[in-house]
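Residue numbers (our numbering), protein chains in the order written: chain A, 253 to 576; chain B, 253 to 576; chain C, 253 to 576; chain D, 253 to 576.
Source of the hints: derived by calculation from the structure; they are not laboratory data.
Please note that the accuracy of each hint is not assured.
Identical chains blur together in the list; that is why a pair holds if it fits in one copy or across any two.
Stated by the list, open to error - Taking lysine to any residue pairs in the SDA-like style, the calculated list, with each CA pair at most 20 Å apart, reads:
1. 322 <-> 535
2. 541 <-> 360
3. 347 <-> 419
4. 350 <-> 381
5. 386 <-> 461
6. 541 <-> 280
7. 322 <-> 379
Spelled out from the first residue to the last, the chains are:
4 protein chains.
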Amino acid sequence: MKHIYTDLAIESKEIYHEETKKEIEGVSVDVLEGKNHTITTVKVLNDRGSSLIGRPQGSFITIEVPNLNKSDEDLKDEISIELSKVLLSLIKDYKRDKVLVIGLGNWNISSDALGPKVIERVLVTRHIFINYDKESDESMVNVAAMSPGVLGITGIETYDIVKGIVDKIKPDLVIAIDALSSRRMDRVSTTIQITDVGITPGSGVGNDRQGLNKESLGVPIISLGIPTVVNAATLVNDTMDLIIGSLKNEADVGKEFYSLLDQLSTEDKYSLIEEVLNPYMANVIVTPKDINVLIDDLSIIVANGINIALHPGIGIRDVNRYIR
Amino acid sequence: MKHIYTDLAIESKEIYHEETKKEIEGVSVDVLEGKNHTITTVKVLNDRGSSLIGRPQGSFITIEVPNLNKSDEDLKDEISIELSKVLLSLIKDYKRDKVLVIGLGNWNISSDALGPKVIERVLVTRHIFINYDKESDESMVNVAAMSPGVLGITGIETYDIVKGIVDKIKPDLVIAIDALSSRRMDRVSTTIQITDVGITPGSGVGNDRQGLNKESLGVPIISLGIPTVVNAATLVNDTMDLIIGSLKNEADVGKEFYSLLDQLSTEDKYSLIEEVLNPYMANVIVTPKDINVLIDDLSIIVANGINIALHPGIGIRDVNRYIR
Amino acid sequence: MKHIYTDLAIESKEIYHEETKKEIEGVSVDVLEGKNHTITTVKVLNDRGSSLIGRPQGSFITIEVPNLNKSDEDLKDEISIELSKVLLSLIKDYKRDKVLVIGLGNWNISSDALGPKVIERVLVTRHIFINYDKESDESMVNVAAMSPGVLGITGIETYDIVKGIVDKIKPDLVIAIDALSSRRMDRVSTTIQITDVGITPGSGVGNDRQGLNKESLGVPIISLGIPTVVNAATLVNDTMDLIIGSLKNEADVGKEFYSLLDQLSTEDKYSLIEEVLNPYMANVIVTPKDINVLIDDLSIIVANGINIALHPGIGIRDVNRYIR
Amino acid sequence: MKHIYTDLAIESKEIYHEETKKEIEGVSVDVLEGKNHTITTVKVLNDRGSSLIGRPQGSFITIEVPNLNKSDEDLKDEISIELSKVLLSLIKDYKRDKVLVIGLGNWNISSDALGPKVIERVLVTRHIFINYDKESDESMVNVAAMSPGVLGITGIETYDIVKGIVDKIKPDLVIAIDALSSRRMDRVSTTIQITDVGITPGSGVGNDRQGLNKESLGVPIISLGIPTVVNAATLVNDTMDLIIGSLKNEADVGKEFYSLLDQLSTEDKYSLIEEVLNPYMANVIVTPKDINVLIDDLSIIVANGINIALHPGIGIRDVNRYIR
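Bound-form chain A, shown alone (with noise of 0.2 Å):
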């Protein structure tokens, strides 16, 4: 499980599963059926929990929406709403009347992208209440937001970056989105994971940096992402997998392919392939081709969401027209 990089909890779980055909100890699993979404609750519970499935402990949820890269504008409005109930289901019971929302991720590069977009469309508010020389009101929350950009664009740690600007404006509440990858293409653009255990910016790279989270900046941080790649050696796995699967029931070469490489771990399995590919395949992605397109469309779903969360009295009809 280890071996097969994923920043989606719930894949982590399906690893877990496919290859010990168990439930996790000390990890409880909640699933929610909509009519165009399902919603998966993760919570690792205890050190076993997080031991046995390689994630702190807190709450994973994921919203699944099969349709979502699709063009209907009814669904992704839908699941912004959909999303910024999540969202206050986590925050409910925080302190929020002062807001950062940082977008991480590097914006030169197209799959990357997502935190930097989503942080142009999201509502700041912070400079009236500065004009007003005021901290708070009722009426309104106050909400700054910020993209550091990455080490290699600036030099500086994300973690320096955010860590500096919390202590200088002490809000009450972080809210941090990134781009993530998934092992399964079907999930690219289709899935939303928010979770309040914090983010690690980059940590799928290998790269051991300052995390971002409650300890570390000394909030609460939420954080929100959707998978825009799928590594090249999971798209080859899982393609292999699929092959085995097709061939399982037929005759001869088909029956023999399976049962050897059934014959092989998952994980012997994804060790052999990245082996392979890694040479000359570093910095590879699998994504749509279309995939700036794609973030677009998603930032606007993320901060619609966000907007509505953060705002109470705003709906989906003005924040769409915010950020046309």
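Given the coordinates of chain A, work out where chains B, C and D should sit on it, guided by the hints.
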């Protein structure tokens, strides 16, 4: 062979070799090794060669530069000069007082934007001729340049836009630039193909469009392309081949696996993969993470090559300054 | 009057009035006051009117919306609908099964990018007709759209590109969008002019280009423009007039100043200013600081208006969603 | 003098001269004429000079290059080198192992985007030091770079972001880049001001913000700016002065006009114009039509200057290649 799609003639040739292990009738291949690059000239000489390799009669010259996507600026300049020589070798016998440069592809899709990006950097001079009310001049070539977009954006066939303009401004020669697909990741952003057989925009996607060629346009056309993506089925196929290769000398599982897969023909294997992938992988590409940055860089190399070839007396230092 | 350049017929009319204090022969003017906007229809009826006002015969309809550049989204939608009605009133008698929309102007210059930005948001359908191999259909208008760029970028006259495409795809009607210049700052980004007399790209800059009109294209053309700049001489001139106005009731200096400047004709004053400014003010514009943001907004209003007018049965809510 | 707003100390000095026709106590002025440029060093030596000229004590060096906005690439390189020398002369006595470069201004407004554009082209090295776990090195300066945005976008004061980061990464020196306003159109995009007194973001707009200076940041700061706009009142004022000048030797109207306007002090005239213009001219700028193109170009010149100054051993050819 028909099933493994590639825009590169050099790969069509390779696939033929892999399957038949023999020379291709009616096709000549000439290889020139340089220190940093290899130039391969594939000439399709007659109908027999054309049908075997699936390409029209004509020349396909490939400049392969393994380190082109690294940040060595001297190498980039060297390749611009090399490209200008190859280009000149193909057009040396054509009248070329008036040239129209066309940037094919969709500027909204990062991996498809090579053509439009090159157009931004081509030295345009035709407006000077218009201002002086001249058609041509010994000291300067008359160059116009434009990007017609794609059918899905404009609702107009690329051919209709290009032919409409060719009929109006009557160039002696058309040069078209396009992003290509390759079957091998290591050719992406490292290989330039120059050909005199014309191009069919979007041909890779299985559309039956009107091609841009000497017959349809009424003037010679040189096409110049760089692979920017590998299709997903190709990636899986080639990885499986690498796995087989790496296993064939190993004991037990490896040997069995190898002999098993070896029974499938290349074509069968590829069809199997495509069949499995297609339902959920339409429009998925495999590409370097920073393809938009790479394409920016490549567009400078290509524009430089074209500018040096068309404007005698302009060297690499001059052109670098025009387009910085 | 000839000296004060403006793209708006309504201003040519005003300048004539200011100087002559009388009605213009051969020109009818009709004003319709709405709550949030005023629609003025200037019709140049014959050669006499044409020579007096310096405009070809035809209709010039101006929608003035003083608050259009504010962020009132309801007003924007209202104006899109108003614009669609005005557009329909001009084209109601034309055949319009196949329409070509053209975005004039230089996309590299913020204040000139209105046309290209509108094109990004026009609903294109012609590729669907191509896919179904049809020319027209009762339920849908066949719409193509493109931005030809400007001579300085492509080396090709706008007319040559547009005429080349018109000859190929044979639309029934052309709609052209362009950024205009006004003589008054308060019209910038608040006024829309729609006319059936065609347009000469770059005519404001004193170039003698081939115009786009019914005679030259062979099909009717409707032009639609919004002022985005005031020229610098005009700004100075009008400010001096304001100063004179503000001084004329004041004692001493004011009165003298007024009577003095009042001796100069409008034309003399303007010439004087131009003469003084020109040596060091070529290519200087006066424009709102955030003109690129304003143009983004205006392009949505205009695209909405065109989309509603062309596609019967599509309302404002639908079109807002298409282009967000 | 207080009323004519300008970001350039050299202009504050000129305005003082125009009005008083005498030297400024406590201010030294030194002029160095080059072939293609003039370097003027204005030093505010004490409180008396500071209050007369309305600037803090410190050095203001202006490089004026009348042809900088032309496309002479050799001149641009020459000015990058000149700029690097001026910059070095100001920082030669400072510790500068670790430098933070800050790009001020609003990236959404073309004329205000100089700072952010320069940041894209500054050679960042700090991430290399992080990867090797070092703070400094003899062979390389540790450079970080970022653009904090503006209050209206982020809801966060520029000072809070910059100070937060300075506290975290503790640079020896800060270099800030900003777009300025001038009172004269011929200085726009042709003049570079370098100063060691710090900068107050948005100070021109009359906001009372926390400045960036040695006292507030705790480290020395060098500011570097180029005028990109003239405000509208200034344009009118200066044109009227030109008109008066051009009329004063002419008969009748001219003489009267001249003597009349001559009675008004510079300040009265300017106030009058501002009063007349303000109601409908807030946020209007006077700028070259192609200011976004010019700023792209200028950002290369400035980034080159900074890169050469900070990284010993890097020459103009090297830096041109890094940022192309």
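Hints violated by the structure (listed by number, smallest first): When the structure is compared with the hints, only number 6 turns out to be violated.
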